[in-house]
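Q: Each chain, written out:
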Amino acid sequence: MDEQDDLTLNERAWLRFLREVSNDSDPGPTLRRVQLLRRICEPRRK
Amino acid sequence: MTKKPHEDTRLAKYVERRVLELKPTKSQSQVASEAGFPNPNMVTMIKNGTSKLALDRVPSMARALQCDPAYLMRLALEQAIGSTAAEAVIDIFGDPVTVNERSWLQEIRQASGNTDPRLTSRSQSAIRTIFGR
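Those protein sequences? They're chains A and B, same order as listed. With this note's numbering as the guide, the letters of the first sequence map in order to residues 1 to 46. With this note's numbering as the guide, the letters of the second sequence map in order to residues 1 to 133.
Warning: the hint list may mix true and false statements.
[Claimed, not checked] Covered stretches of chain A (in silico footprint by chain B; criterion: 3 or more residues with CB under 8 Å from a CB of chain B, positions within the stretch not fixed):
#, stretch
1, 6–17
2, 22–30
[As the list claims (entries may be wrong)] Taking CB as the label site, the calculated pair distances span:
#, chain 1, residue 1, chain 2, residue 2, range
3, A, Asp-24, B, Leu-55, 44 to 50 Å
4, A, Arg-12, B, Pro-38, 20 to 26 Å
5, B, Ser-33, A, Arg-12, 35 to 41 Å
6, A, Phe-17, B, Lys-4, 17 to 23 Å
7, B, Ser-125, A, Asp-24, 34 to 40 Å
8, B, Val-89, A, Leu-31, 20 to 26 Å
9, A, Phe-17, B, Lys-13, 21 to 27 Å
10, A, Gly-28, B, Pro-5, 29 to 35 Å
Quick caveat, the hints were computed from the structure, so don't treat them as lab data. Glycine included, C-beta positions come from ideal geometry on N, C-alpha and C.
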């Protein structure tokens, strides 16, 4: 992910939202946050 | 009365915070010197909003403040031309993405099995919970 152009429209939306909820404070992905994020992003199981 | 035209900018507040956080290991004069400012007072002037941070100084200042250059560039651009104009520049030339933001996006890609998930209202609520908002 070296180039800006690599980002999809959906990824840009995620990025904008992450900035909004963090007050654009550039938070790092801590272990706890990543674990929660994985739960959100996991593809739905049948 | 001294004019402080950049006092209320996010960059002034951020530089002030980083200088404070680095204080145990690095003096403000060291920050100024590492950023390449001949005048050590320049960091004070940026912190209190008397001066703005020149865009060409962003890379060295980011190294001196040990912060993400893309993040500092976003703040410097906003300070230099205002948030509306900065948004227009970013729309055309691209958004500076920080290392942390790249990590978030990589996690999203990995967690979703590269399915490019949409930002649904369910995921928005969950993200708000993650950040306690």
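Q: So which of the earlier hints does this model not fit?
A: 3, 4, 6, 7, 8
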